[in-house]
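Let the hints inform the model, and build the full structure from the sequences given.
Single-letter residue listing:
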Amino acid sequence: MPANFVPPSGVEYIRVLPEIILAAVATLIMVLEPLTPAPRKRALGYLALAGFAGALAGAAAAGWRTGPAFSGMLEVDGFATFFRLLVILAGLLVTLVSFPYLRREEAESGEYYALLLYSVAGQTIMVSAADLIVLFIGLEISSIASYVLAGYMRREKLANEAAAKYFLLGSFATAFLLYGIALIYGATGTTRLNGIAQVLSDPRMAPAGILTGTAVALMLVGFAFKISAAPFQVWAPDVYQGAPSPVAAFLAAGPKAAAFAVLLRVFMTAFAPLTGRWLAIMWSLSLLTMIVGNFAALLQTNIKRLLAYSSIAHAGYVLVAVTAHSEEGVQAAMFYLTVYVFMNIGAFAVVAYFSRKGERYVEIEDLAGLGVRQPVLAALFAVILLSLIGVPPTAGFLGKFYIFQAAVKADLLWLTVLGLLNSAVAAYYYLRLIVIMYMKEPGDSLLELPGMAVSTRAALWTSAAAVVVLGLFPALIR
Amino acid sequence: MNLLDAVLWLPLAGFVLLLLIPRERVRAIRQFALGITTATFLLSLALLVGFDRTSAAFQYETNLPWISSPEIRYHIGIDGISLWLVLLTTLLSPIGVLISWQHIDRRVKEFFALFLAMEFGLIGVFVALDLFLFYVFWEVSLVPMYFLIGVWGHERRIYAAVKFFIYTMTGSVLMLAGIIYLYIRAGTFDYPALIEMMMNGSLMLDRMEQNLLFAGFFAAFAIKVPLFPLHTWLPDAHVEAPTAGSVMLASVMLKMGCYGLLRFCLPMFPAAARGAAPWIVMLAIAGILYGALVAMVQPNMKKLVAYTSVSHLGFVVLGLFTFTELGTNGAVYQMLNHGISTGALFALVGFLYERRHSLEIEDYGGVATPAPVLATMFLITSLASMGLPVLNNFVGEYLVLQGAAQVNFRWAVFAAIGVILAACYMLWMYQRVFYGEARKDFSMRDANLREWAVMSPLIILMVWMGTYTQTFLPPITASSAAILEQTKVNVEFHVERQMPRQELANAR
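For the record, the sequence lines run as chains V and B. Counting from 1 along the first sequence, just add 225 to a position and that's the residue number in my numbering. Counting from 1 along the second sequence, just add 17 to a position and that's the residue number in my numbering.
These aren't lab readings, by the way, just hints derived from the structure by calculation. A virtual CB, placed ideally from N, CA and C, is assigned to each residue, including glycine. Be aware that a few hints might be false.
[Stated by the list, open to error] Heads up, incomplete: computed chain V residues facing chain B, CB under 7 Å, no partners named: (1) 415; (2) 618; (3) 630; (4) 633; (5) 634; (6) 639; (7) 652; (8) 656; (9) 660; (10) 664; (11) 700.
Take a look at the structure:
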């Protein structure tokens with residue numbers, strides 16, 4: 226034990242309360258798993274639900290006692306609390322969607338829920354990290370759990386492919402990130418975010434431009450992979466398609482939001498002195514991501530792939546906010562990510578429900594006539610789709626509005642115009658879903674459509690309601 | 018909460034309540050929709066009572082905070098122009114419900130729910146005085162129309178609906194970029210405040226900014242009007258829409274574009290607007306002639322009427338961009354006229370369709386013999402549409418032409434050719450459908466009570482607006498004069514523009 230070791234104080238434990246709760250409940254579930262008979266596995270799910278609820282409370286408590294923890298390794302501020310609440314909420318909604326899904330696929334087990342909890346714990350660590358090493362650990366906890374989740378249906382070919390691809394490419398990206406961290410440590414002698422900023426902004430200590438530039442580029446590659454920004458997006462459609470629908474919902478929500486939080490924190494604090502150098506890259510990254518996501522989505526016939534490309538496109542919009550690199554930009558990104566989590570989980574909840582056993586019905590055409598057979602469900606889905614398009618008064622519109630407002634304020638006029646035109650392109654493929662739901666005659670896919678389970682219904686209603694309410698009263702979270 | 022709020026929110030309340038009616042009770046749903054739209058119309062008539070007809074100020078204002086950051090307010094109010102457009106909307110809504118009474122026989126609940134939501138959006142567009150709020154209503158009105166066309170339309174409905182949505186969306190995102198820019202420049206979305214700042218010089222947009230902003234707003238409005246050559250969505254949407262959809266689309270929705278030009282493009286970016294005016298007028302005249310010529314050769318009645326809209330709305334744009342009082346008044350009057358007479362035409366074509374299930378002109382002939390009342394209604398409406406004196410369109414077209422002649426006599430000459438062509442295509446269609454040998458292969462009943470109820474208010478208005486303009490023009494004049502006044506500020510360009518005017522006067 227080093228001589229200058231100071232044991233953490235009580236308040237520092239409060240600041241990591243959500244992580245403690247999540248990890249403890251996850252471990253408890255792992256212990257209980259072999260002791261629980263197969264028909265009663267659902268109880269473990271309820272336990273996970275309680276864990277998420279507890280973690281929400283814990284995050285709120287931590288947010289009430291803001292400050293650093295563990296000698297500055299973690300920084301629990303408003304930003305961290307916001308994202309902690311968001312990723313935990315995403316985990317909770319995904320758990321709700323998973324209940325009937327796992328029962329239907331006869332794949333209920335404790336480890337699914339445990340992995341979900343671990344992954345979210347990793348994300349909460351990521352978003353509150355004030356040190357690159359902690360950040361990396363959080364990212365790894367989150368990623369490794371998600372790799373396993375993606376391949377959870379281990380007898381499905383596509384799921385195996387998804388998991389393998391996700392794991393291989395993900396490890397590659399993490400390696401890039403780690404390499405970047407190593408270089409920046411070599412250049413600045415520290416892994417603390419504000420320490421790095423200090424060194425970089427001090428002209429007497431500033432390291433060679435080539436070194437820091439390489440480090441920033443390598444780290445950006447790592448993050449770009451996690452947020453599925455083009456040209457590092459190729460894994461996303463395959464993984465989302467192969468992974469079970471609730472897991473796909475989770476991948477597009479939690480890990481993505483957390484990765485964005487980290488991206489924002491690192492580039493707005495540690496690399497703020499280098500803004501002039503990464504801005505042009507971010508600009509092109511965001512434009513390319515929007516274009517690739519939206520135009521590729523136009524050609525999709527599989528709903529899960531379509532939603533994957535849509536999630537790429539939405540990452541592009543958030544990157545516009547990052548490119549604005551301002552207070553407004555950060556706020557806009559936070560608002561948009563929140564809205565996106567709801568839209569995305571709502572949409573995947575419909576897919577998870579509609580696909581039936583073995584995910585047989587995941588083509589867009591299969592939705593034909595849903596508007597007639599299940600008018601309420603279709604209406605909720607339509608609200609979510611309209612929000613994804615960005616039609617007022619939904620939150621999706623307001624989110625875009627905030628992002629592009631920040632962009633215009635940062636003089637990114639062309640990016641604004643191109644981004645907005647992109648969202649007009651996006652209208653086409655979301656409308657196609659609506660067209661098929663409402664304007665086509667029902668086909669075979671609607672025979673023997675069971676009712677929607679209460680928990681999925683709860684997740685869908687929550688998402689749709691959030692999309693509308695946040696659209697009308699954004700002050701609730703801003 | 019004043020009268021205008023009630024007019025705006027009643028349709029939305031109706032929308033919510035209608036969702037609660039069980040879907041099997043089709044009759045109750047229809048009656049409820051009719052009740053709500055009629056009540057809205059009566060309420061909106063009451064707006065006339067307390068309206069100061071000589072003032073250009075916004076009346077019945079409500080101004081409440083909505084979203085705090087950025088500051089977006091629920092600010093609504095009407096002046097002499099939006100007053101009539103609101104009334105047009107509320108008048109045509111019960112008519113639209115009546116038209117759909119039997120025409121819509123499946124998914125009735127959804128249809129009328131969406132119809133009410135659309136009325137809410139349309140009224141909102143005309144009363145919003147906050148740019149953000151305006152944009153919200155602009156898009157809110159788009160979604161129900163998309164569903165009306167896509168679900169209840171004819172064969173190519175899906176293509177038409179998606180095309181309609183994408184076209185409009187593309188235009189409106191450009192407007193959104195403009196709105197955001199304007200907000201960052203001025204710090205407010207409030208329309209009267211913006212105008213005030215521009216009038217007293219505390220907000221000066223340079224020529225470059227004006228041009229770009231004008232382009233953004235103009236893209237949205239020109240697509241909606243639609244101005245030639247951006248009109249291609251219109252024939253598809255009109256032809257494929259169910260009758261009530263066509264009526265609302267032609268009568269009210271196209272006015273959103275004209276209204277936007279007049280309300281936002283002209284007074285907020287006057288230098289750019291005046292600079293672009295000659296080009297826009299060219300397009301407007303091209304639209305007048307092109308629309309008329311294409312209408313002439315249409316074998317399909319609905320398509321014919323759709324192309325007449327392109328032609329008639331060319332007059333509106335021409336009038337607006339003359340920057341004369343006569344032209345502007347005429348343009349606004351023409352907006353209302355087109356709403357009445359083209360709405361009536363679409364309704365009549367819909368009545369014919371209900372009887373014969375065809376929109377092709379060649380499937381008809383001699384209809385006047387079995388259905389003389391229907392034929393008379395159609396004749397009056399056709400005459401109104403082609404601009405016969407004593408009927409409404411004449412007044413608007415005359416004012417526009419005179420306004421155009423004041424600026425450039427050649428504009429008036431070319432536009433007037435459109436009036437002549439209008440007589441050709443309308444009378445020719447009338448002749449082919451109603452005269453000639455009565456066809457025996459189908460039965461044609463005459464107008465029933467419901468159709469009387471639809472047509473009589475419209476025909477009364479055609480005559481009223483054609484003979485006694487004093488009812489309608491004074492509030493329009495007051496407001497358009499104020500807008501014209503606003504188009505003269507914020508300009509170094511006074512100097513550059515004064516010259517040709519001087520020469521014009523000398524030449525006379």
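Checked hints:
{"no.": "1", "hint": "415", "verdict": "36 Å, violated"}
{"no.": "2", "hint": "618", "verdict": "5 Å, holds"}
{"no.": "3", "hint": "630", "verdict": "5 Å, holds"}
{"no.": "4", "hint": "633", "verdict": "5 Å, holds"}
{"no.": "5", "hint": "634", "verdict": "5 Å, holds"}
{"no.": "6", "hint": "639", "verdict": "10 Å, violated"}
{"no.": "7", "hint": "652", "verdict": "5 Å, holds"}
{"no.": "8", "hint": "656", "verdict": "6 Å, holds"}
{"no.": "9", "hint": "660", "verdict": "5 Å, holds"}
{"no.": "10", "hint": "664", "verdict": "5 Å, holds"}
{"no.": "11", "hint": "700", "verdict": "6 Å, holds"}
Going down the numbered hints, you'll see the structure goes against 1 and 6, while the others check out.
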